[in-house]
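Peer 1: For the record, the sequence lines run as chains Y and Z.
The numbering of the first sequence is the numbering used here, which starts it at 1 and goes up by one.
The numbering of the second sequence is the numbering used here, which starts it at 1 and goes up by one.
Incorrect hints may appear among the rest.
Since the list gives no way to pick one copy over another, a pair counts as held whenever it fits inside one copy or between any two copies.
Said to hold, decoys possible - Using 25 Å as the maximum straight-line C-alpha spacing, the simulated PhoX-like pairs for lysine-lysine come out as follows: (1) 6 / 71; (2) 50 / 71; (3) 142 / 71.
It is worth saying that the hints were derived from the structure and are not from the lab.
2 protein chains.
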Amino acid sequence: MEIERKYLLSTLPPAELLGPGVEIQQGYVDAGDPEIRVRRLGAHFFLTIKSGDGVRRQEYEVRIPRPTFDKLWPLTQGARLEKTRYTVQDGDDRWEIDAFAGPLEGLYLAEIELPSDFRPVRAPAFLTVVREVTSEPAYKNKSLATRGQPSA
Amino acid sequence: MEIERKYLLSTLPPAELLGPGVEIQQGYVDAGDPEIRVRRLGAHFFLTIKSGDGVRRQEYEVRIPRPTFDKLWPLTQGARLEKTRYTVQDGDDRWEIDAFAGPLEGLYLAEIELPSDFRPVRAPAFLTVVREVTSEPAYKNKSLATRGQPSA
């Protein structure tokens with residue numbers, strides 16, 4: 001089991017740290033339970049179904065061909081987001097930094113996955129952390145896609 | 001692991017054996033791999049994803065709410081079928097008998113699932129078996145939905 005921690009950033013780290021990044025488009029055919037999500041990750045397409053909650057949470061993901069993505073995408077209207085994901089290695093830590101686009105432009109989030117044997121996280125100096133938002137529902141991708149930019 | 005055997009019937013067994021049956025509508029958002037199927041079974045709605053082949057075949061099914069079914073259903077145009085499923089118990093054997101509707105009207109199939117320790121199947125007298133079609137691709141649901149009535 002992994003623990004995810006998420007941080008709101010005020011700016012993107014310097015370009016030379018970030019590398020090229022990968023474009024992500026994702027949308028929800030259903031943002032309820034089960035959640036039905038389609039996603040483009042660069043040139044790859046995925047369908048993901050998540051159901052249940054907490055320890056009963058189940059996730060199933062399959063690669064889909066582009067025509068199937070194109071068929072499903074129109075069903076996600078009003079529940080979409082776009083971002084570029086950068087991966088930055090900091091010692092043993094692998095940070096994922098998302099720079100949102102479209103209506104969410106100007107929003108930057110950094111995420112790290114930790115093994116369940118908890119240890120303190122130290123955000124590296126290159127991250128301009130505003131605050132930790134791990135437990136704020138407004139910063140979940142699904143909420144960002146359906147409700148837009150958080151007011152804070 | 002279960003073995004399925006499927007038989008083509010010339011007629012439906014007498015109504016008094018069949019009971020009420022349940023209406024099934026199913027359609028394929030994608031009839032390829034992964035296969036993405038939506039299904040109405042009476043008042044219940046399901047999304048099923050099947051991927052891979054043979055022993056690597058994976059199947060994932062979730063209940064979905066009706067509005068999600070209604071959203072996905074239009075994507076199945078040209079790859080749908082409708083049938084009424086009757087379940088008939090014959091000793092230890094549980095037969096599922098499908099009476100197809102729409103363009104497939106007049107087609108009747110009986111299916112039985114057997115445990116993997118193979119034993120011979122004896123079709124009960126109330127089944128008017130034309131022949132076994134277990135290994136005929138034309139009688140798979142996906143093929144019936146996309147290609148219609150088999151010519152034989």
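Peer 1: Determine which of the earlier numbered hints do not hold for this structure and return their numbers in increasing order.
Peer 2: The structure breaks only hint 1.
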